[in-house]
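Modelling step: build the complete structure from the supplied sequences, incorporating the hints.
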Amino acid sequence: MLARIASQQSRLLRPLAVRHMSGEARPMTRFVQYPFDKTKMAEVRAWVNDSDMPASVRAETGVKDVEFSFCPGEGWLAARYIFNDLDDMVAFLGTDALEKAKKAVSTAPHYDSSREVHEFKGFYLKEV
Numbered sequence: 048m049l050a051r052i053a054s055q056q057s058r059l060l061r062p063l064a065v066r067h068m069s070g071e072a073r074p075m076t077r078f079v080q081y082p083f084d085k086t087k088m089a090e091v092r093a094w095v096n097d098s099d100m101p102a103s104v105r106a107e108t109g110v111k112d113v114e115f116s117f118c119p120g121e122g123w124l125a126a127r128y129i130f131n132d133l134d135d136m137v138a139f140l141g142t143d144a145l146e147k148a149k150k151a152v153s154t155a156p157h158y159d160s161s162r163e164v165h166e167f168k169g170f171y172l173k174e175v
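Each residue of the sequence shown is one higher than the last, beginning at 48 in this note's numbering.
Each hint should be verified, as a subset may be incorrect.
Below, computed lysine to aspartate or glutamate pairings styled on DMTMM-like, alpha-carbon distance capped at 25 Å [as the list claims (entries may be wrong)]:
1. Lys168 <-> Glu114
2. Lys149 <-> Glu174
3. Lys85 <-> Glu71
Taking CB as the label site, the calculated pair distances span [unchecked claim]:
4. Glu90 <-> Glu114: 31 to 41 Å
5. Thr86 <-> Asp143: 18 to 28 Å
6. Asn96 <-> Gly120: 39 to 49 Å
7. Asp143 <-> Glu174: 31 to 41 Å
8. Thr86 <-> Val164: 24 to 34 Å
9. Gly70 <-> Glu163: 33 to 43 Å
10. Glu174 <-> Ala138: 19 to 29 Å
11. Glu114 <-> Arg162: 31 to 41 Å
12. Asp134 <-> Leu172: 14 to 24 Å
13. Arg162 <-> Glu71: 14 to 24 Å
If you're looking for bench data, these hints aren't it; they were derived computationally from the structure.
Every residue gets a Cβ at the ideal spot worked out from N, C-alpha and C, and that includes glycine.
As structure tokens, then:
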């Protein structure tokens, strides 16, 4: 019975392994949270809207989409990027646009330098 279960499990995992090893480009995501004063949502929102940072990162080659959000409960300004593939994400991480955006955020009014930036990079699960 255990052999049959192991065989069924193996068949279930096989298609995922094949897809993982394919040469097909897979969308990637980068999610980053910057700490801000949680009581300053209107001010942070106005700063983001008035800055050229969103437009400059959206204009970069390989950036498919960027969304910005603010959490007033904990004080996070978040950016969620979707890239066409791993090569585009890696290329973006070395751009002047990203360095300028990081500098703009870290010197923005109401930025909370007492907390650390949180960042996550991974595969975008477009099927979910």
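Evaluated hints:
{"no.": "1", "hint": "Lys168 <-> Glu114", "result": "15 Å, holds"}
{"no.": "2", "hint": "Lys149 <-> Glu174", "result": "30 Å, violated"}
{"no.": "3", "hint": "Lys85 <-> Glu71", "result": "41 Å, violated"}
{"no.": "4", "hint": "Glu90 <-> Glu114: 31 to 41 Å", "result": "20 Å, violated"}
{"no.": "5", "hint": "Thr86 <-> Asp143: 18 to 28 Å", "result": "33 Å, violated"}
{"no.": "6", "hint": "Asn96 <-> Gly120: 39 to 49 Å", "result": "21 Å, violated"}
{"no.": "7", "hint": "Asp143 <-> Glu174: 31 to 41 Å", "result": "34 Å, holds"}
{"no.": "8", "hint": "Thr86 <-> Val164: 24 to 34 Å", "result": "20 Å, violated"}
{"no.": "9", "hint": "Gly70 <-> Glu163: 33 to 43 Å", "result": "37 Å, holds"}
{"no.": "10", "hint": "Glu174 <-> Ala138: 19 to 29 Å", "result": "25 Å, holds"}
{"no.": "11", "hint": "Glu114 <-> Arg162: 31 to 41 Å", "result": "22 Å, violated"}
{"no.": "12", "hint": "Asp134 <-> Leu172: 14 to 24 Å", "result": "19 Å, holds"}
{"no.": "13", "hint": "Arg162 <-> Glu71: 14 to 24 Å", "result": "38 Å, violated"}
Checked against the numbered hints above, the structure breaks hints 2, 3, 4, 5, 6, 8, 11, 13 and satisfies the rest.
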